[in-house]
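A.B. asks: Based on these hints, arrange chain W on the given structure of chain H.
Line order of the protein sequences matches chains H and W.
In terms of our numbering, the first sequence opens at residue 155 and continues consecutively.
In terms of our numbering, the second sequence opens at residue 478 and continues consecutively.
Where hints are given, some of them may not hold.
[Said to hold, decoys possible] Using 30 angstroms as the maximum straight-line C-alpha spacing, the simulated BS3-like pairs for lysine-lysine come out as follows:
1. W/Lys-573 / H/Lys-211
2. W/Lys-486 / H/Lys-163
3. W/Lys-573 / H/Lys-224
4. W/Lys-499 / W/Lys-534
5. W/Lys-542 / W/Lys-499
6. H/Lys-211 / W/Lys-542
7. W/Lys-573 / H/Lys-163
8. W/Lys-486 / W/Lys-534
Keep in mind that the hints were calculated from the coordinates and are not lab data.
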Amino acid sequence: DGGITQSPKYLFRKEGQNVTLSCEQNLNHDAMYWYRQDPGQGLRLIYYSQIVNDFQKGDIAEGYSVSREKKESFPLTVTSAQKNPTAFYLCASRPGDNLNTEAFFGQGTRLTVV
Amino acid sequence: AQRVTQPEKLLSVFKGAPVELKCNYSYSGSPELFWYVQYSRQRLQLLLRHISRESIKGFTADLNKGETSFHLKKPFAQEEDSAMYYCALTAWGAQKLVFGQGTRLTINP
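Isolated chain H (complex conformation):
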């Protein structure tokens, strides 16, 4: 089954703890993205990666970190420095050869800080 997979679907974290959200794709896509979705604010870009071992900050990168050691994987770590981490997180990927290509999205991870 090809596609992009995020895990877990629901995640609970205690304040002060770091937590890592997983995003894996088997579409052979070069570009991968992390977004945060809050009601009324749409999708805000956290980080994106155009190629392995390279990534760029998006519009709201503070308090987050990423890595891109493999083409298939783009994990997002929500650190304790993120002031308001409770949100719905979406991962996406798309081919890197053309700017007109379609982005494919995961099912999302809902993170709740308790």
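C.D. replies: Here is chain W on its own, set in the frame of chain H:
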């Protein structure tokens, strides 16, 4: 900087009426523009892209560079069009993909 603005958070129309979802963008170069849709309990998915100049599910969108707009239109709304719609932009030279705030469209019977 790239920015996408969707001025309407909510839009409600009756079945059979025309629909227009507004999208404005700011970017100094030549952008690539998209509309994505999220139906209830489904993943966010591409609806259409401006480069294709196609009509998908009766929807069309025209890029107006003078007004920096990419409004989504459909002449006769159907109940199955009820969903969340996002306008998105990619700029030449980078893979950065930026979305607007989204518009929740509700089609009333």
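A.B. asks: Against the earlier hints, flag every one the structure doesn't satisfy and list their numbers going up.
C.D. replies: Every hint satisfied by this model.
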